Amino acid sequence: MNMRQVCRVGGMVVMMGLLATALWGCAPAPSATDEGFPELHAAPLAEGEKLRVVATTSLVADVVKQVGGERLELYTLVPLGADPHAFVPAPQDAAAVANAQVIFINGAGLETFMEPLLESAGTEVPVVSVSYGIPLLEGPAHDEDVAEEAEDAHHHEEGDPHMWFSPRNVKVWVQNIERALSALDPASADFYAANAAAYTRELEALDLWIQEQVAQIPPANRKLVTDHTVFTYFAAAYGFEQVGAIFPGYSTVAAPSAQELAQLEDAIRQFAVPAIFVGLTVNPAVAEQVAQDTGVRVVMIYHGSLSEAGGPADSYLKFMRYNVNAIVEALR
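All letters in the sequence shown, in the order written, are residues 0 to 331 by numbering that gives the first Met the number 0.
In short, the hints are calculated from the structure, not lab data. All figures in this text were calculated on a predicted structure; none of them were measured in a lab. Careful: at least some of the hints might be erroneous.
DEER-style ranges, computed between Cβ atoms [as the list claims (entries may be wrong)]:
id	residue 1	residue 2	range
1	Glu118	Lys49	25 to 35 Å
2	Ala204	Gln288	18 to 28 Å
3	Gly294	Ala192	48 to 58 Å
We put the beta carbon where it would ideally sit given N, CA and C, even for glycine.
From just these sequences and the hints, can you work out the full model?
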């Protein structure tokens, strides 16, 4: 790991090895046996004052909100509909970070914008990766030169940062969020614990529902082609195979070569894949060309952002149900 992969919190760099760095900033999530959850101290809150919390993405923010409810003043950095891989913070984001009492990030290298944002905020704010304790999984193998280039440019190390595509992982998020909020606001610990328990039950019900829906797809048809590698945890949890992706690696920023697109089209034909799943935050032009070449269709899904309020994916639970319905309809 090089120094730029270790994010600072108020100038103090956590350098206690790969596992310890995983919680702070943009390093990968640690293994489930890891120790070292940060020591968080109670924030001084006046009577009726809310805990000032920043979340990086709308997905992280929604889960934080499920645990913290009305006890939080919650600010989300990446706007709805924006791609977190390409997000560039604005001055108001630095101001929100400087004013925060805790920042929740996905971690695993997703938020490459966090290190400069923390530096520009110029204040000490604890940063908690909600993915702490989740084993980092690798997606399908890519060309070595492309993988090295993507890693160097986007700091994704050797694993997929899209943890949220398995509700089993989001249960871990809930545990980490509850732990952090209770440490910062111990007077509300029972409130956070009750919310966390209730939401965990909803996640467990969602997991069972996904298993029931996926059972409609013959195992031989459980092949996924996406705009970039996002379904590693979903595939591992529900018995899918990621056949390929339009953009190499775990980011939408790296551009595919003509050779890579030709190989992907060959794989689509070989495995008789009927659809390419493309996120609504991604320009679908290349995917549409591949679909035209191979005679398959493009299916739009949500992957880096929730929908607007009142939309079909305006919460994590609805986000997963929308995507699973789209996948099942396309592949069964």
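Against the structure, the hints come out as follows:
1. Evaluation of the 25 to 35 Å hint for Glu118 and Lys49 yields a pass: the beta carbon distance comes to about 27 Å.
2. Hint check: Ala204 to Gln288, Cβ distance near 40 Å, so the stated range 18 to 28 Å is violated.
3. Checking the proposed 48 to 58 Å range against Gly294 and Ala192 shows it holds: the Cβ atoms sit about 53 Å from each other.
Violated hint for the displayed structure: number 2, the only one.
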